Amino acid sequence: MTAARQPLLRVSGLQKLFPIRKGFLKRTVGHVRAVDGVNFHIDEGETLGLVGESGCGKTTTARCILRAIEPTAGEVFMRVADGSVVEVGKLRRAELRALRREMQMIFQDPFTSLNPRMTLLDLVGEPLLVHGLRSRREREERVADLLRRVGLRPEYMRRFPHAFSGGERQRIGIARALALHPRLVVADEPVSALDVSVQAQILNLLQDLQSELRLTYLFVAHDLSVVRHISNRVAVMYVGRMVELAGTEELFSRPKHPYTAALLSAVPEPDPRMRSQRIVLQGEVANPAAPPGGCYFHPRCPHAIEVCRTQAPTWQELSPGHFVGCHRAEELELPGVE
Amino acid sequence: MTGAGQPLLSVRNLKTYFTQDEGTVMAVDGVSFEMAPGATLGIVGESGCGKSITARSIMRIVDRPGRIVDGEIHFKRPAGGDGPGEVVDLATLEPNGALMRSIRGAEIALIFQEPMSSFSPVHTVGSQIIEAIQLHQPLGRQAARERAIEMLRRVGVSSPEERVDQLSNQLSGGLRQRAMIAMALSCEPTLLIADEPTTALDVTTQTQILDLMRRLQREDGMAIMLITHDLGVVAEMATDVVVMYLGRVVEQAPVDAIFHDPKHPYTRALLRSIPRIRSRTRERLTPIAGAVPHPYDRPTGCPFHPRCPEFMAGKCDRETPTLRSVGDHHAVSCFLYE
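Sequence order for the protein chains is A and B. Residue 295 in my numbering sits at position 295 of the first sequence, and the numbers go up by one each step. For my numbering, add 1000 to where a residue sits in the second sequence, where the first one is 1.
If you are wondering where the hints come from, they were derived from the structure by calculation, not from laboratory data. Please note: incorrect hints may appear among the correct ones.
As the list claims (entries may be wrong) - Estimated spans, in silico, between C-beta atoms of each pair:
hint, chain 1, residue 1, chain 2, residue 2, range
1, A, T28, B, S1172, 29 to 39 Å
2, A, L129, B, S1172, 40 to 50 Å
3, B, Q1142, A, A73, 52 to 62 Å
4, A, R158, B, T1322, 54 to 64 Å
5, B, S1159, A, T28, 22 to 32 Å
6, A, K22, B, E1161, 40 to 50 Å
7, A, H31, B, S1159, 25 to 35 Å
8, B, R1280, A, R10, 24 to 34 Å
9, B, R1282, A, L96, 31 to 41 Å
10, B, R1282, A, E306, 35 to 45 Å
11, B, E1188, A, E330, 24 to 34 Å
12, A, T28, B, S1158, 29 to 39 Å
13, B, S1158, A, L96, 43 to 53 Å
Said to hold, decoys possible - Covered, in the sense of this in silico footprint (three residues per stretch, anywhere, with C-beta under 8 Å from a C-beta of chain B), are these stretches of chain A:
hint, segment
14, 164-170
15, 228-242
Nothing here was measured: the structure is a model prediction, and the numbers come from that model. Positions of the beta carbon are idealized from the N, C-alpha and C atoms, including for glycine.
Hey, can you work out the whole structure from these sequences and the hints?
Take a look at the structure:
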């Protein structure tokens, strides 16, 4: 986006295991490997799309970054406002609280993520109050400004969320996330609960806010069409691991991982003349509590060979900025979308 | 919708209203369409457009206080032994009467969006399919069980002899949806109503289920009414499309005309607003202004007029347009074409 590309966020070896407890003594009998060795960075002002199917660990990754849950291993580095880099996992409570002003989250469901007993003023003003803006008049001014920014009328600030439609509620959630001038916004499926005609409004709003406020987005989604419209780069996850990461155009037109190619091919296109032969994957997503040996994708992969069954692929940079974890990445010719 | 022969289903001026203290919600307000035997009719629209209530009205399972207040639902029953099948008006039948019960589940079957909640969690999958079979067919328990296993095998459930004795929560979302389809098709319906059958599924699982539905339709020849908000799924599956908005049909046409020669401003706007996988990266979308109105705040005149770019003051907000033919099997409800 800008000439000087500086990572705002860097994630290294991130891992989150959830213990499986059984029996009377609640002994740990195994682990769900929700996130297992994830590496990436996000440059300042860019949008990284994080895609994958349910249970692939994309939301857990997002929550570990915000330290809403504690990762099992790995590091998360964030460049803060004064230019210094902090390791999010090493922060004490008070320091973490200060950092949270800089990283905010937008949630999927605008119907359950807003407290129904709070007015817009309270909802959007709450983060301001928590972070020390005591004057009610100043808070009201700031809330009015935020509501205007997200396309809501400030006169509505004494109303309750139930009076608003899904799209408007998502705008309220966005205003709340922006209240403290964050630099990183983690958006977890922000449009998937909305009507199709409203999705476009919210996606455009997120883009406008990004350029006005110089925001950096981690955009978590399962819908590849949506991701294409918002992301500069895209990362694909499968069963807790990252399988591919590249610039959006590159990833969509020249996928290097068979899973990415299958995902792209699976999206039904709103054009009956494009009905085409889809890559129909056999079987089901692997169980993250007992993943298969080797590459986790091999039982469903149409290109799997012997080495895929026995050895986990390494994460390699195939061309500048195009990372992939597949034994056969170099030789396979996979279909993308233009 | 094809001219030749008698339609399998003919819905005429259907009105299903919900009357409560707060007012009357006209969930379905004068809907008409026809389906030919073996066709796939896509019914698309956003939340509150009445697409699911239309389906539930046909099945006569509208929850109170909903009631069919007007209209006809002519369904051509399958020929029994000798002679052609009789045509019955489902709208006049007693919802729990013997005739409706012999049609529902046997001649018209329904699959829902939520494979999680459509099976009882305390009975095995098999026992529920067996119950459905024995309700409509004179088969003994063992024969019905064999039929259930055979159906599970047909829908691609591996080791069906074991799956038949499992509880639904032991199956993944994709397998549950397959089991649901097995149950729906066990009595060989001539009409399958699929209400958002893949919305809760991941995209690679969606591909499998759509593939399966197409194969079963080829083998059994049943007609499918596919209700969805996803224009991609409609383009992929449907032969004809009905577009609904706030309880009314705004446009209906063969699938190619809907996507390549849409007439109604809502259909056009909807097609412009959706994110597409074959778009330029980070391309801005063209949203539809506003949101779907609350059902108690139904606009006067054409229900789409407050959001319509072609709005004609004094006309669209005063009078209600009716569905008129604009071409080969193509009808639209808009004053632009009167």
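Range hint 22 to 32 Å (beta carbons of B:S1159 and A:T28) holds or violated: Taking Cβ atoms as reference, B:S1159 and A:T28 lie about 30 Å apart, which means the hint holds.
Cβ distance range 52 to 62 Å for B:Q1142 and A:A73, holds or violated: holds (54 Å)
Range agreement (Cβ of A:E306 with Cβ of B:R1282, hint 35 to 45 Å): Given range 35 to 45 Å: holds, Cβ gap about 41 Å.
Verdict for B:R1280, A:R10 (Cβ pair) under range 24 to 34 Å: holds (29 Å)
Cβ separation of A:K22 and B:E1161, checked against the hinted range 40 to 50 Å: Distance hint for A:K22, B:E1161 is violated at roughly 28 Å.
Beta-carbon spacing of B:R1282 to A:L96 - inside the hinted bounds 31 to 41 Å or not: Because 33 Å falls inside the window, the suggested range holds.
Range hint 29 to 39 Å (beta carbons of A:T28 and B:S1172) holds or violated: violated (24 Å)
Pairwise beta carbon distance, A:R158 to B:T1322, judged against the given window 54 to 64 Å: violated (42 Å)
Chain B covers the segment 228-242 of chain A, three or more CB atoms within 8 Å, holds or violated: Satisfied; 5 residues make the cut.
Pairwise beta carbon distance, A:L129 to B:S1172, judged against the given window 40 to 50 Å: The hinted range 40 to 50 Å holds for A:L129 and B:S1172, with Cβ atoms some 44 Å apart.
A:T28 versus B:S1158 beta-carbon gap, inside 29 to 39 Å or not: Between A:T28 and B:S1158, where Cβ atoms are some 31 Å apart, the hint holds.
C-beta pair B:E1188, A:E330: status relative to the range 24 to 34 Å that was hinted: Since B:E1188 and A:E330 have Cβ atoms about 50 Å apart, the given range 24 to 34 Å is violated.
Violated hints, listed in ascending order, are 1, 4, 6, 11; each of the other numbered hints is respected by the structure.
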